[in-house]
Structures are given as structure tokens and as C-alpha cells.
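Asks: Residue numbers (the numbering used here), protein chains in the order written: chain C, 1 to 538; chain Y, 539 to 894.
Simulated from the structure, these hints should not be mistaken for laboratory data. Virtual Cβ for every residue (Gly too), placed ideally from N, Cα, C. Do not rely on the hints blindly, as some may be mistaken.
[What the hints assert, rightly or not] Now the stretches of chain Y that chain C is said to cover, found in silico as 3 or more residues with beta-carbon under 8 Å: (1) 564-575; (2) 651-657; (3) 778-790; (4) 834-844.
Listed below are the residues making up each chain.
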Amino acid sequence: MTSDPHAFFTLDAGAATLAVSLVARVDGRWRLLAADAAPAGTPAEVLLEGLVDQVRAVRPEVLPDPDGWPDWTRVGSRTVPPPRVVVAGPSDRSTEALSRALLADGWNVGASITPERAAALEAAIALRDPGLDLVAVAAPDGLVGHEHDALLDVLALVGATAGLREDLPVLVAGRAGAGRPDLPADRVRRTHGVGDAVAAARDLVGERRGGWSSDGRDAFIRAIASLAAVLDLRVEGVDVGLDAGTRVMAAPDGVMRRLVRADAALVPPEAVDDQRFLDAIARWSPLADDAFAIRDRLRNLRVAPWRDAAGDGARLRLAAARASLERLDAAWHDPARERHHDARGADRLADPVPLAAPDLVVVSGGAFAVPPAPAVALAVVDMLRRPGAMALAFDHARVLAPLGTIESELDRRRMLAELADDILLPLGSAVVAPGLRAGHRGTLRVSADGASTSLPLAPGAVQVVDLPPGLGAAAELESPDDLFVGARARRALFRVTGGLGGLLVDTRDMPLRLPERPERRREYLDTWQRPFWTTAEP
Amino acid sequence: MATTLLDDRRAVTDPAGLSRIPLRPQPITAPLVSIRLRPGDEPLVAPGERVSVGDPLLRRQRHPQVAEQPLRARSASALAPGTRFGEGAELGGPGRRTLRYEGAGEVLYATPSGRLRAVVARHHAVVASPVTGTVRSLDPCALVVHAEGSALPAALAVGEPSHGTLAVAVDGPDAELHANRIDVRHAGAVLVAGSRVDIEGLTRARAMGVRGVIVGGVIGGDVVALRASIERQDASVHASPSFALIVLDGYGKRPVPRWTWDALVAAAGQEVGLGITPPQILLEPGAGLPAVDPLRVRVTAGPLLGRTGRFVRLLARRRRPAGVHLECALIDLDPVTLPGVVEQVEVPLADLERDG
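Build out the structure end to end from the sequences listed, making use of the hints.
Replies: Structure (C-alpha cells):
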């Protein structure tokens, strides 16, 4: 970027779509002037020129030299499919922590090579997969007896394959088996344990690929952290992409927890041939099509994710996004994740899961670009379910990840401080307050600008209060029963802000309970979601 | 401020905005055909070697198993991983310390407990080249051939690389191929099956010696069933000829894209190869491809799926079913029933595909 730029573009190149935006200085501050997105493969220049033309047609004075746009700076991020790793070790127990750590860092963990899981031939086939980026061997200290012998056997097999494949780096997490001559020294990195294995794995693959492949997802995480500092709020970021899902919780003083999961992609590649995986996604679909048709439509979402975005296609897309959020949430709260061996081999807690609801949830990704904002808001409330109140916003122009690539934290914060209002589309606020018993009635009172309205509060329902974007309000809940809103209370008061989806007040169970019978489940989903979709056809 | 650039600063010459419509997968000149190798596979060619369609590329083990023999000290250095041996071969030199496996195979590794593990098999199948070209690379994971002709990319493929004479087995790109239309006359052929072929049709095709089927769409469940059928066949005593299913456009019933249909009709009677990695139809050098009309588009989703037409102009965002707003284009649809009657429709850009 030049020393005094007046305008620049952001580009977020995802696996499915390319999102671009035009940011320029207007009245002394950075403003988002235009944004667009198109299927991946569309020439960026066409989209960028279109942005300039849009602005030129409306307010030509804000772009002093619009014809010079090809030379304007482009701040860009790119995401690529997560790297693939095979995890090997002497037992399932010993590989579990390493697999989980790599999964949580966005790796696509393929076959697991342990004596319990893979015979030598299957293991050798897995290790000769041309698409494999890394072999990670769990070699924790303190192995005895048959586990130690099994580790030496695994190291011999991995070493034999690595000797044949000069392109395959090997990571050994732990000191057990050190000194064995099986592994080629020039392509092996040994770490103390699982704690430092993830960073070492990134280095190894980064060296091979010419940079860590998760750049766009890391950039999104950095941007959320900077946003939390700028807004002085606890901010949660959720991004669902075609190849991975990302979730991050940040407080003003930094990232509290982060998670990137390949299996939380919109429709992961492995789902295409896995009927149970597809059916787990289809559980969230309100469509009445037969199961075969829905599975094929989900498969097509993987093949050409930009197609079929209207009508039932939009509903199915949001159902797939819901299922992605469900998988992200399950990994986020996975109790087995809590402990791992640190660099010195000691057992310690991983990043603790933040318990309280964030002040603001920011969703991002093409999966949320098409459905109406209220439907997106309900999906987030349904799938990332926590008691209490939170504001919801959408990174509609997909600007956060590109801004996250700005190296200077100061520059990034300054940019976000000026752009936050433009780049965060307010979806609304949500108050999740289960606890009202069947047959009982509470009261919801919403007050804003000196006016007040009261509504009955019913158990097991979602109510929407029209609250326009930008309007702050007080939401007061009163109930004859204890409501669970972070703490148990019969009366609770929250500050909320409006948005396109208004204020959602949700008294349904936590977690949501869906009927097992498909027809009944579809009815439930349809009943909940129907008011949030515009059903009138053009 | 630091910057990250995604640079592709080309001149823009698209005032109509046609390039906002996704481009259909373009034919590839001199494509690469990759064949994945498994432990125990024996390459029969070397890098730089020229191969023709049908030439043997490798010997693939059938019913491979891991066998192990005690590793005696003298033999250790001579039996490096990857060493291939024939049936009855004496490994590690003659004498008392010789290792001999039942079957031919490849050394996998030596265990720390002093045993040599190898993958061995008594029976083999030959994998033939689906294309004429030059062996570009060979490593323990894959054999890659640089083909001389061109390739039509596909969405997915199932089976093994194959080749045969191309035969169009249906009347049009949106017709279905039923099992009762496949018979022994099609042995050795690659059939173009239209918009869909079911598992009965695929099973019958394999039984009749058909070498491959090209189809617009396939039901996902039929792909699973076909894979299982191929695995069962592999587990049987007798090897069957290679067979490939090439799916051009995705899952479900989907017409063969019109331009690709025209290319296949033009190539009927010629030898074609079917590549699995990546999925593609391999045409001979000199095979003619239809002319490209830059304004011609195809509808790829929704109720007009498969219909073709001509791009008229871009439209602003339009409200579509379920209340979503999408950028659309105005299209003159090609007449279907009444010649000369042009129907004009608005279609979301993302549900279109242009020819070039």
C-alpha cells in the first residue's frame, strides 16, 4: 500500500466463492463503499471494476482517481483445503491426544495407524497416499512392554515409507523410541510432546507448501481478537467454509480459545461417500424430499457449492451450515479435549472453554450469505446455544479475514475501529432463557426510547420482537419459574440492540431436543423456522 | 500498513459482465493422467518412456497379503524397503540365510524384532494405459502419464483407468440409459449414457464387458453400490477388465452438458480413455472439438436444469424463491417443443455455466 492510500480493495478467496470489497477514505475515515461475491474462478478484475463502477455511479466524488483502480492496493486472504495428516502410534490411547490437537488446529486427520486399527498393509497404503502432507507419530514417554514394542514397530514402518518418499515429512511427538535409526534424519522433527507438536507440524508443512495453508482462517481469528479489543467486548467469531469451520472466542486482552476443524466444513469431502454423515446433516433440513434426493443435493453442495442457492436450495444450505455449527460446538465442548500432555510431558488442561455467553457473535462465510438475516440469526441461536443475551452480527462483505492479514496490530485495530459499523451487519440480539414450565406464562417487556411493550412469554418457543438495526433497548423477563439465563432468576434484565432479525427471545430447551421420527422432526424445524423465511414467491 | 496481494491484474474487456457467469470446465490440452500405486504394484514402464493406449503400465497384485520371514543378519542390508521380488526369488543371497516368500511382491520393512515383512500375492492383473503419451514421473505413490491428446474434465469418477471405443447409447443428453439397452454388442465400448444410469445398468454393463460409462449424473447410492460391486469382483478368483464410471455434472439425474454432448457425439467410434485421477475423458490427438459460442450458456440448477440458451444481459439482484436475492441474467432459452419460439427467462448467475 502506498504511504497515503485513499482507497483499497479486500479480497477473500475461499474454496467456493471469491468475496471482494472496496474501502475508501470518506470524510476523514475509512468506509466500506461496496462489496460483491461470485463463484470461485470468477476473474477478480471483473468484480473489482464492478465495485468501482457502482461507487462511481452513486458518489463519484469519493473516488478521486477511479480510473487508477487497477493499481490500488489489495488486501487479501486465501483459504485452501486443510493439510492431510496420518497419525501413528503404539495404541489408540497414545494417539488420541495428538489426533485431537491436530484436529483442533484444522488438520484433516486421515487414517490412524495403531496395532489395534490398521494391519501393516492398510498402514502402508495410507502412508503412500499421494495427497498426504505429514505423518505424525505419538511417542509419549513412559511406554512399557508391548506398547513400547508396538511403537518401535510403527517407527520402523513409518521410517521405511519415509525412506521411499522424499516428499513426506515426519513429526514425532515425544521422546520414546529416540535413538532408533529408522527415520530419515533430514525430514524428521521431534518435539517434547503434544503441546509443541502442533506448531512443529505447521512448520513442517509450511516449509513444504511455502507457507502455512490456513492463512485465511488464522487471519479471521486475528481479526476477531482485534475486534474484541477495539469494541472492548467478548467477541465470538464463527466461520463456516467449504473446507473447514472456524470458531474463536476473544476478550479485549486476547484470544481465549480457538478451533479450526476440517470436519466442520459445510459438506466435508468425506461426507460424500458416508451416508450416515449426510443423514446427520439432513437432520437439520426442513425439506420434505425423500432421503435419497436430499443426500444427492448435499453431495452437489460439495461439487458446486454456489449452485441452487434459491428456494429449497437456500433452506438446505442453511441446514448444512447448522450441522457444521453443531459439529463445531461438539468439538468446542468435547470433554476429552480438556487435557493433553504439555511440552514436558506433564498432563495439563488445554485452553478452558469459556462458559459465559459472549457479548457479540460474528458469523462469516458464504453459507450465511444467501438466507435471510433472521433465519441466520435463529440458526446461530439454535446451534451455539448458551443461556443469556448476546448480539449477533454478520461479516457480510467478508472483510474480516483480509483485514486480519494486516501485520501491525495497531493498524488492524485502527482500521477495524473505523470500519466496524460498516462491515458488521447487525442480525439482532438473542436472549436464551429456558426454564419456563409447560402451562406457565411469563412476561417479556421491551423498552426503547421511552416506549415500552409487553408480551406474554410462553415455554418452549421462539418469539421475535421487531427491533430495528441500531436501536438499543432493555429486555426484561419475568417468570413464575426460575429461568436459566447464566444464573437462575425469576426476573432478568438485559441490554439488547436491534438488527435485521430483531430481538429473538428463546425459551426452548437447552440443548435443543428434536424428535427422532423424521416427519415429526421436519415439522418442528419447519414450525420454528417458517416465520424467519420470506415465503412469498416472486 | 502491510499488505497481502492477490495479484492478477489483467485488462478487463468484459463490459457486458459475461465473465461473472461461471465458466464450464474447459478442455485440457496434453492432460496429466495419474494412477495411484499401492505397495506391491510393479511398474512396467520408466519415466520418459512412450506408451500407447492399451500398453501395460503396471502389474497390480490381486489379493495381496503381508507375509513375514525371520530376518537373518546377512540379509538385512540387501532387503531395503521397496525391493521387489518375483515368485520363488531368493532374497538376501543364496545359502542358509536365504528368504523365500510364497508369491511375488515387495519388501515393506524390517521389524525391530528381526522379521522382514513383505506384501506378496500369487495373482496379478495388468493395468493398461488409458491414453497415448509419455511417462512423466514414477514414484512409490503414483505413476503419471503426460497424454498427447486432450481431456474433458468431469465431476467424479469411480473404478480404474480404462479405454474403449466410444458409443453413444442414448438419443439425447437428457435421456436415461436403461439396463435392457446394454448387450454384448457393447463389449469393449465406452458408453455415453445420457442423464442417468442406475446400478442395474452399471452392473449389466460390467457383465457385458463394457469398459466404461459416461453419464451426466448419478445417484449417490448407486456410486456406493458400484464401489462395493467392484470390490467384490476384485475379491473373486478371476480378474475382470477394467471399468470406469465418469460422471460429468454431479449427483442425481443431470443431463450431459450440451457442449460436452456435442464433443462426445463427434468422437463416437473413436478410441477414448477414461481417467480417474483426475476424473476426465481422454480424447485422441486431433479429435475435433465443437466450436465455442461465448454467449451460449447452460442452466445448471433449478427447474430449468440442462436447458441451454443465449446470454442477453446481466440484471440487477432479483428476488428469488424463499425470499433470497440473487444476481441474475436474462437468457433466451433454446426452443424445445416449438421451433422458433424463444422463451426469455431470468436465471441466477450462479445457476448458469457459459461455454467460453
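Asks: List, from low to high, the hint numbers that the structure doesn't satisfy.
Replies: none
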